[in-house]
Amino acid sequence: MAQVIDISFTLNGKECKLSVPANAVLLDVIRDKMYLTGTKEGCGRGECGACTILFNGRSVNACLILALQADGAEIVTIEGAGVEKKLPSIQKAFVEEGAVQCGFCTPGMIMSSLYLLNKNPNPSIAEIREGISGNLCRCTGYVKIIKAVEKAGKDIGK
Amino acid sequence: MMKALNYLRADTIDSALQYLDEFKQDIRILAGGTDLVVRLKQDMVEENNILDISRIKELNDIFRENGAIHLLPLTTHTDILESETISKYAFILREACATIGSPQIRNRGTLGGNIVNASPAGDSISALFVQAARLKLKSINGERVVSIEEFFTGPGKTVLEPNELLVDIFMPELEENETGFFKKLGQRDALAIAVLNVAVKMRIREAGTNAFDRAVVAFGAVAPTVVRGRRVEKAIISSSLDSPEQIHYIARLAFREVSPISDIRASLKYRQDMSINLLYEGLLELSANDWKRKV
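These protein sequence lines are chains A and B, in that order. Residues 176 to 333 (the numbering used here) make up the first sequence, in order. Residues 163 to 457 (the numbering used here) make up the second sequence, in order.
Keep in mind that a hint or two might mislead.
To be verified - Cβ-to-Cβ under 8 Å is the rule here; a few derived chain B residues that face chain A: (1) 165; (2) 166; (3) 265.
These are calculated hints, taken from the structure and not from any lab test. Nothing here was measured: the structure is a model prediction, and the numbers come from that model. Glycine residues also receive a C-beta, built at the ideal position from the N, C-alpha and C atoms.
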């Protein structure tokens with residue numbers, strides 16, 4: 176009989192309580208139990224960044240966290256990033272720069288960009304490249320994504 | 163689907179030590195999870211009990227005490243990069259941690275985890291070698307201190323007993339006249355396991371000269387554990403690093419220090435050649451900067 180434990184956490188500003196088995200991964204709980212499917216699963220081993228979320232203010236790969244470790248945590252996913260005033264600028268910049276093609280990496284890219292811009296609203300190109308180095312995009316070649324993050328930084332700075 | 167697990171959570175060192183003693187042969191420690199969760203998904207973990215230590219506050223701090231820098235094991239790589247204390251007194255370790263994983267991995271992965279995993283390619287480990295780190299291991303029976311060099315016995319193997327917990331990582335503060343670097347060669351810049359890495363610490367004998375009275379060199383991913391480059395160290399101390407030719411002559415000694423294997427990341431021959439080149443490049447850059455450290 177698999178061990179099931181009650182946990183609670185804040186997800187996009189809302190209190191959540193649920194029971195999860197010890198072997199559940201946070202990404203699966205977010206997608207399959209909370210029905211927030213904006214966070215994607217790519218590689219499932221922390222290399223592609225499609226599952227990037229903010230966990231207690233820091234960007235992390237949701238595929239590498241056991242759900243039980245989220246007990247008491249504050250979590251922001253792409254769906255909740257809208258409540259932070261900075262997101263509209265990032266989304267707008269991604270649209271305007273054409274930084275989205277298939278869109279699969281986009282939620283993770285935006286969460287990494289949000290984390291970067293929260294720490295450093297005026298990043299250099301090198302800092303942007305480093306900031307999104309944990310996110311793979313197989314369509315765009317990154318140039319437009321980097322331009323979009325640069326633009327979002329400038330918008331936020333205004 | 164991951165196998166069924168029994169999850170245990172410790173909020174204090176004492177409670178962690180009790181669990182470790184109780185479950186001894188069938189317990190695996192979880193901190194950041196960046197390595198363990200991948201292994202769990204691949205069904206590569208034999209143990210059924212998972213002990214989550216990530217909330218033990220007593221294991222999460224960076225501080226200075228009596229000339230030593232202490233990094234408690236739950237310190238993340240991001241904590242290290244954001245610490246002014248570290249960039250001043252342990253900058254070689256800082257340079258190493260900057261090359262680890264990605265922002266997401268550095269936000270979650272811990273220094274203690276990087277050490278205990280004992281990968282021959284662990285990037286922080288070469289830096290900890292040259293910074294002469296010592297590790298405090300604790301069990302319900304008492305505690306002991308071992309040097310980082312004594313800690314590893316092979317790939318993934320350490321002297322840590324099943325009931326012991328790594329509770330402190332400490333090293334002498336780097337002094338003003340000490341310089342050095344960490345360099346890594348990976349297949350790409352982010353998220354790459356090192357093909358090889360090298361860390362160097364040297365003490366300048368007299369300002370404005372190219373002479374050194376102390377040198378420690380460590381190579382990662384070129385042997386079953388991180389290894390010291392003792393011939394290189396001796397050569398740095400006994401000669402003067404006056405010209406690129408002289409530096410290259412010394413770097414070539416690296417060839418005899420390493421015993422790499424061929425694997426999916428690189429061939430034996432390539433690793434041998436690159437251990438020379440990486441050391442040469444690092445020393446040359448440092449010499450071009452009048453031996454001043456980067457930060």
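Outcome of the hint check:
no., hint, in the structure
1, 165, "7 Å, holds"
2, 166, "4 Å, holds"
3, 265, "5 Å, holds"
When each numbered hint is compared with the structure, no violation occurs for any of them.
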